[in-house]
Amino acid sequence: SSGINAEYGDSINALPSRFSAMVSFKRLVQPGRIVFISSGKYAKKIAMIVEIVDQNRVIVDGPFTGVPRHQCGIKQIQLTKLVFQLPHGSKTIVVEKVWNKNAVTAKWNDTVWARKLERKRLRASMSDFDRFKVMIARQTRNRILQTFKISKMAGVRKMYKRPVKN
Amino acid sequence: KEVALTKTKTVAGEKNGGTRTVPVQKSPRFYPTEDCKTPLKNRRVAKPTKLRGSIVPGSVVILLAGSHRGKRVVVLKQLPSGLLLVTGPYKINGVPLRRVDQTYVIATSTKVELPALPAIGDEIFKRKGKPTKNEKEMFVDNAGDNSYKISAEKVALQKEIDALVVPAVKKVDMLQSYLRSRFTLTKGQFPHEMKF
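Quick note, the sequences are listed as chains A and B, same order. Here the first sequence is numbered in the working numbering, starting from 1 and rising by one per residue. Here the second sequence is numbered in the working numbering, starting from 1 and rising by one per residue.
Hints are computed from structural coordinates only; laboratory data are not their basis. Model, not experiment: these values are computed from the prediction. A virtual CB, placed ideally from N, CA and C, is assigned to each residue, including glycine. Treat the hints loosely; a few may be bogus.
Counterexamples of contact, computed for chain B against chain A with all Cβ distances above 12 angstroms [as the list claims (entries may be wrong)]: (1) Glu14; (2) Lys50; (3) Pro80; (4) Tyr104; (5) Leu117; (6) Ile124.
Heads up, simulated DSSO-like pairs for lysine-lysine below, C-alpha to C-alpha not over 27 angstroms straight-line [what the hints assert, rightly or not]: (7) Lys91/B with Lys154/B; (8) Lys195/B with Lys45/A; (9) Lys133/A with Lys91/B; (10) Lys195/B with Lys44/A; (11) Lys187/B with Lys120/A; (12) Lys111/B with Lys120/A; (13) Lys116/A with Lys195/B; (14) Lys101/A with Lys26/A; (15) Lys81/A with Lys97/A; (16) Lys171/B with Lys133/A.
Take the sequences, apply the hints, and build the full model.
This is the structure:
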């Protein structure tokens, strides 16, 4: 929990990880947690947990990501490492305030997860011509690298060449 | 407009009355005992083949069958027969002016801006029929030269069209080398998941 506090300030909810059983869990279902909705109508979008209904359900709200405030099954969401201070049951206006104050979208886009999703999306949207251009670019790059490596290898080989016995 | 049902005809012979009124259309000599239904007239008109929305004059297309399978070619237009008129261009990948059915083709989203091209129809692609066997020539060695030879007219037309299409291709960066290459599938590539 100290890691999260260091990144996002100490005004974080007191995490119950002080209990030994919970220590292994780093990401908790808690108001203010940014989640990635993996399936359903709002799949592949992020939202903030606003309220916990029960063991299996949460209320989730993503005002700037096109996710309306609604009840979501916990099995449909995946917890991200981003969590912010949010009073439970907050209205959407409050969620918007917290979202803007903490620049949530920018922080999410910085994460490796978001970058991977973007890369996947770009790769899938390539046309046949784009794929050809990428292939040529990779080829050119690898050839440059290979010639550099070979030129370096020659020097290394010289270093370890056995002296000729007379 | 009133159509006359009868007409008068002059009749030879003194005792035959000179003229006779005769129906214009004679009733048939034989007719079936029972009325049989006549089939309805076939008024079907062949519609021109609907071209896929993704195929447009100038679009680059991947050939899927034939000796040029896998090659990327430029579509020039749709011929009146419904087939696509396609060219490599010949200078770039060896595909001549050719007719191709749109079902044997994957349309890519890449498009080339083509200038105005000369009019081409299906006629130049029509092949001469095989010589019919003649009884007299049955025992004559008629091997002859039945292989297909490209007409000079086609070669000239190809040059003319290449001169128009190749500069349009060269305008786009890397498009020429793209048309020179062939389309292949590698591991992990599934055509139904790929965007062209």
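Consistency of the hints with the structure:
Every CB of chain A lies more than 12 angstroms from the CB of Glu14/B, the least distance being 95 angstroms, so the non-interface label holds. No beta-carbon of chain A is positioned within 12 angstroms of the beta-carbon of Lys50/B; the least distance is around 23 angstroms. The Cβ of Pro80/B sits about 29 angstroms from the closest Cβ of chain A, beyond the 12 angstroms cut-off, so the non-interface label holds. The beta carbon of Tyr104/B is kept farther than 12 angstroms from every beta carbon of chain A, the shortest such distance being approximately 17 angstroms.
In this structure Leu117/B is separated from chain A by more than 12 angstroms, as the shortest Cβ-Cβ distance comes to about 22 angstroms. Distance check for Ile124/B against chain A: the nearest CB is about 30 angstroms away, which clears 12 angstroms, and the non-interface claim stands. Proximity of Lys91/B to Lys154/B is assessed by CA-CA distance (about 14 angstroms); at most 27 angstroms being required, the pair is judged to hold. With a C-alpha separation of about 23 angstroms, the suggested pairing of Lys195/B with Lys45/A holds against the 27 angstroms cut-off.
In summary, the hint linking Lys133/A to Lys91/B is supported, as the alpha carbons are separated by about 21 angstroms, within the 27 angstroms threshold. For the proposed pair Lys195/B and Lys44/A, the alpha carbon gap of about 20 angstroms is at most 27 angstroms, so the pair holds. About 17 angstroms separates the Cα atoms of Lys187/B and Lys120/A, which keeps this hinted pair within 27 angstroms; it holds. Between Lys111/B and Lys120/A the CA atoms are separated by roughly 25 angstroms; this keeps the pair inside 27 angstroms, and the hint holds.
At most 27 angstroms may separate the alpha-carbon atoms for a hinted pair to count; Lys116/A and Lys195/B meet this at roughly 19 angstroms. The straight-line distance between the Cα atoms of Lys101/A and Lys26/A is roughly 24 angstroms, inside the 27 angstroms bound, and the hint therefore holds. Our distance criterion of 27 angstroms between C-alpha atoms is met by Lys81/A and Lys97/A, whose separation comes to about 20 angstroms. Proposed proximity of Lys171/B and Lys133/A is supported: the alpha carbons are some 16 angstroms apart, at most 27 angstroms.
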